[in-house]
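As you go down the protein sequences, you meet chains A, B and C in turn.
The opening residue of the first sequence carries number 0 in numbering that gives the first Met the number 0; numbering runs sequentially from there.
The opening residue of the second sequence carries number 0 in numbering that gives the first Met the number 0; numbering runs sequentially from there.
The opening residue of the third sequence carries number 0 in numbering that gives the first Met the number 0; numbering runs sequentially from there.
Calculated from the structure, these hints are not laboratory results.
Since we're looking at a predicted model, the values are computed, not measured.
Glycine residues also receive a C-beta, built at the ideal position from the N, C-alpha and C atoms.
Do not take every clue at face value.
To be verified - Straight line, CA to CA, 27 Å or less: simulated DSSO-like cross-link-like pairs of lysine-lysine:
#1 C:LYS171 x C:LYS274
#2 A:LYS67 x A:LYS47
#3 C:LYS436 x C:LYS274
#4 C:LYS59 x B:LYS161
#5 C:LYS59 x A:LYS320
#6 C:LYS274 x A:LYS320
#7 C:LYS171 x C:LYS436
#8 A:LYS103 x B:LYS161
#9 A:LYS103 x A:LYS67
#10 C:LYS274 x C:LYS430
#11 A:LYS320 x C:LYS171
#12 A:LYS47 x A:LYS103
#13 C:LYS430 x B:LYS247
To be verified - Examples of chain C residues lying across from chain B (beta carbon under 8 Å, computed):
#14 GLY8
#15 ILE11
#16 ASP37
#17 ILE41
#18 ALA49
#19 THR55
#20 PRO286
#21 ASN291
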Amino acid sequence: MTAALGLFLTTLAAALALALFWPRRGLLARWRQTHQLADRVLIEDALKHIHARELRGTLATPESLAGKLGVSVRQALEMIERMEEGGLAHSTGRGLRLTPSGRKAALRVIRAHRLLERYLADELRMPLEEVHATADRREHVLTAEEVDELEAQLGYPQQDPHGDPIPTSSGALESLEATALTDWPVGRPARIVHLEDEPPEALAGIVSAGLVLDMQIEVRQVGKERLVVWDGEQERELAPVFASNVFVAGLSHPVQPPVRLSSLEPGEAGRILALRCEGLGRRRLLDLGLTPGTVVECAFPGPLGEPTAYRVRGALIALRKEQGDEIEIEPVSAARRE
Amino acid sequence: MTTKRPRSIRRRPLPVVEPGVPAPASLRRLGIDTTDWDYLVALAGNPNTGKSTVFNALTGLKQHVGNWPGKTVARAEGGFEYQASKYKLVDLPGTYSLLSASTDEEIARDFILFGRPDCTIIVVDATVLERNLNLTLQILEITDRAVLCLNLMDEARRRGFKINHKRLQRDLGIPVVPTVARTAHGMPELIEAVAGVAGSAIETQPLRISASGQAARALEELAAAIEAAYPGLPNARWVAMRLLEGDKRVERAVASGEFIEFVEARERQPAGTRAAE
Amino acid sequence: MATATSPAGGQILESAERLRRGLGISFRDQIVEAIYEDARAIATGAVRQARPAGPTWDAKLDRILTSRIWGIPIMLLGLAVVFWLTIVGANYPSQAIALVLFRIEGAAVALFDAIGAPWWLTGFLWHGVYRGLAWVISVMLPPMAIFFPLFTILENLGYLPRAAFNMDWLFKRVGAHGKQALTMSMGLGCNAAGVIACRVIDSPRERLIAVLTNNFVPCNGRFPTLILLGIVFIAAAFPPSLATFAAAGSVVAVVVVGVLITLVVSWILSRTALKGEASSFTLELPPYRRPNIGQILYTSLIDRTLFVLYRAVIMAAPAGGVIWLLSNVVVGGESLAGWVSGFLDPLGRSIGLDGVILLAYIIAIPANEIVVPTILMTYTGAGMMIEIDSLAELRALLVGEQGWTLLTAVCLMLFSLLHNPCSTTIWTIYKETGSAKWTTIGALMPLATAFIVCFAVAQGVRLLL
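When you get a sec, could you build the whole thing from the sequences and use the hints?
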């Protein structure tokens, strides 16, 4: 009886020990992995923050870092120490600066983040205000090879869905020249080049006001309560807090509302000027022969109003309204058609 | 127009076969029997161009024909015998392009590139020629052993199109055969052209895509580098194009030296398999 | 990145990377534009429009088939006509085949008895294996031989992309891809083929939705069940002159329910496990083609009918044996079938069915075709002969002896429509997705849906009545 109990207890203890200490799959190893991952996530987020502050010209401080990452200042100081030991960042009198290898690491994460956003927005069609948070979670687990693979799969996009440039695999990052909409003079034509992705509530507000990347606008009116912009067709309003998250660049010509393929009625035709999409969606349209300069005729709509069939290079191709919206055209009269 | 280079197809006399075998009548359909083939022939084309009908007409195999894009999802193989040579015919998935990354396009692209067919039949719909030439021109960048099967000529005629296939042949630099696969019209000529290209009796001089500007300069520079590293590679320009686009599969092939094997295998070909080479 | 084994390869990749950086995204655009420019130039040179292109019959046909008013009614009507022709055309051949095959059974049994073969051998071989086979052939072959050519005509004509075009609006609303309608059409023939056809959808999220929901279109293996129930239960409520129409209508109704469930499940998937909005959608509408009747008959009969029948026969023979054994191996005064169906009975009753039907669905996992034969063979037990060519007798057995009601028939039709895919389809889902997780979901999610829907219908009706 006691022998059997002893044997049972020994087996139990052995099993427990195995479960705890088994290399790579044991509980301890798992806990260490999670811990290490959480650690790396924190460090990578810290590097991103320091990088973002550097770009803005205001250096990161232990306090700003703690606030950004949601840790205590003491923990932030510990992390800074570790980053300094690892040769990733160093403190100066005014704040934190990245070392060259720290900048490289930061750009690697930013690259993964922005490519992921592109993927989530284009391929999974996630709402724009949600892609940032999802990419934030997934950017840390991708290897460099997987990021390269993703970039190739997406067709080497140049910017993320918010208009931020995507660093190349060698770490080159174009700088973006843009002014906040709130600082833009009234009446001067501009193009939206960037939508700030944080906080998501602001982005959601901007999106619901109907402002999108690449849109041509003109500020009509600036008030305390609201800011009114004109897109060539209609006026759009948004709160100044949201407007400060919209960045624009100058436009050499007056605001022209673009004509979209989707606006054609059956029998009407247009010549393609530009495709306003990137990644695989763009590839698909190009492969169908929807290249700039091509004349497209609207053939007939579907029985439920959508999709619409278009005649392209002799073939009949159905597109949903979203695809039609991505294609900018100039109307062509039936007589001038080839 | 497209390019300054004049192009022509030179026809050498077809290789002499045993006397007494009449040309088109010597076609023997082998169905799924594809053992001991002498020549490998790929069948490519846009979806819904009658590719499967051409396949059936050549092999006698009744493959299912569907009239919607992307029908052939699995690769069908069949065989035929013509003038004492056995041909294995592989039906590739119908695609509009070889540039995107869909599974079907990858299968078709990989077969033309790595399967090294002795001839690729490109089936096009004569009623939408312009649209179909997109794929044709891409295939011609990969391989110079190709025949254009200008199918559905009856439909084209019914719609009032007149197609100058001689001119098309001159512009593309490969044999062009007008056919109506449904009634087997033009099939003997198609087989003859395939035999000619596969057996090197017909020398093709396919049109290459005429890019311009910055893209063209980058393309030429890279193609020259590839040609210097792998002399004899028939599609250096295409490889360069894929590399500039960042095609991971081609990158791996270049990195691992798979292309060297490709060139070597071409040179090692036993004399018997390529009759007139 | 693969490690460069050849130094030349490494160098080439480096210069490619350098050049690409200088070009950016415009390279792709420039190449595609160059290709299409060449294509245009060549085509303009070679093609001449001899006659001015008036409105072709293609355009006229499109205007009708995709019209706001007629587009969708024509689609449903087409489906109804296909089913009606199948039901009407299959009726007599089915009876004739059954008559012949069951005469053979009778003769063989008599012969076996005459030579003194043991009863269990006669039973297993003839009342088990052979009867399963005979059932599947007589019930399945005629409808398939009519349905497949009809369906292939629609396919070769070029109608299916138009159907997808008409339906896309609905699929877009539920976050799915319009080409899912194409894959569903293929599913009408065989769900495994439908799952493979999902490759035409290039967005991974939407392809997965199409794969997981393909089972909600009844495949050819399930039509006979639906048709039989439609004739015996639904059509019986109509005057005889309208009986076949009512049967066809009930099958169309089941298919429409399948489409609705597909849309609902796709919508739920798009909101939960496969979150996302509809991706970019492009669909080519190919020119209409005159179908080649000879080829259609050949391919649809040889490629499809015989292929599917062969698969069903392979599954039906052993299943027939298993049923015979289950019905004849007696443990504790009750056959095994009795034990199992007794155990399943409460569950079956709660969803409007009974234990025998659930048992049949377990045995029929390899092939849905054998559900009805399994039910009948289990009901009739050991040696009892039933003239299955007589619908009246069938009705007498199901309604009179087994107490089936209209509710049983409706629930069985729904269960047949929604339950788990057959093993071939499950295996195909695994091959196509490469994921055990999605395969499990693809198998269990429909089963759960079937239980939920049937439970709701059964309990709802019982509450109301």
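When you check the alpha-carbon spacing of LYS171 (chain C) and LYS274 (chain C), does it fall within 27 Å? Answer holds: LYS171 (chain C) to LYS274 (chain C) is near 14 Å, not above 27 Å.
Mind checking the CB of ALA49 (chain C) against every CB in chain B and telling me if the closest is under 8 Å? holds (5 Å)
Take the C-alpha atoms of LYS274 (chain C) and LYS430 (chain C), compute the straight-line distance between them, and say whether it is at most 27 Å. holds (23 Å)
Given the proposed pairing of LYS320 (chain A) with LYS171 (chain C), does the C-alpha separation stay at or below 27 Å? Satisfied, since the Cα-Cα distance of roughly 10 Å is no more than 27 Å.
If you take the shortest Cβ to Cβ gap from GLY8 (chain C) to chain B, is it below 8 Å? Hint holds; GLY8 (chain C) Cβ to chain B Cβ min 5 Å, cut 8 Å.
Would you check whether THR55 (chain C) satisfies its interface hint, that is, whether its CB is within less than 8 Å of any CB in chain B? Holds, because the Cβ-Cβ distance from THR55 (chain C) to chain B comes to roughly 6 Å (cut-off 8 Å).
Status of the hint placing ASN291 (chain C) at chain B (closest C-beta pair under 8 Å): holds (5 Å)
For a C-alpha distance cap of 27 Å, please report whether LYS436 (chain C) and LYS274 (chain C) respect it. The given pair, whose Cα atoms are some 17 Å apart, holds under the 27 Å limit.
Hinted pair LYS274 (chain C) and LYS320 (chain A), Cα distance within 27 Å: holds (21 Å)
Quickly compare the C-alpha distance for LYS103 (chain A) and LYS161 (chain B) to 27 Å and report which way the hint goes. violated (61 Å)
Proposed interface contact between ILE11 (chain C) and chain B, which counts if any beta carbon pair is under 8 Å: Holds: closest Cβ of chain B sits about 6 Å from ILE11 (chain C), inside 8 Å.
Can you confirm whether the C-alpha distance between LYS59 (chain C) and LYS161 (chain B) stays at or below 27 Å? holds (23 Å)
Violation of the numbered hints given earlier is confined to hint 8; every other hint is satisfied by the structure.
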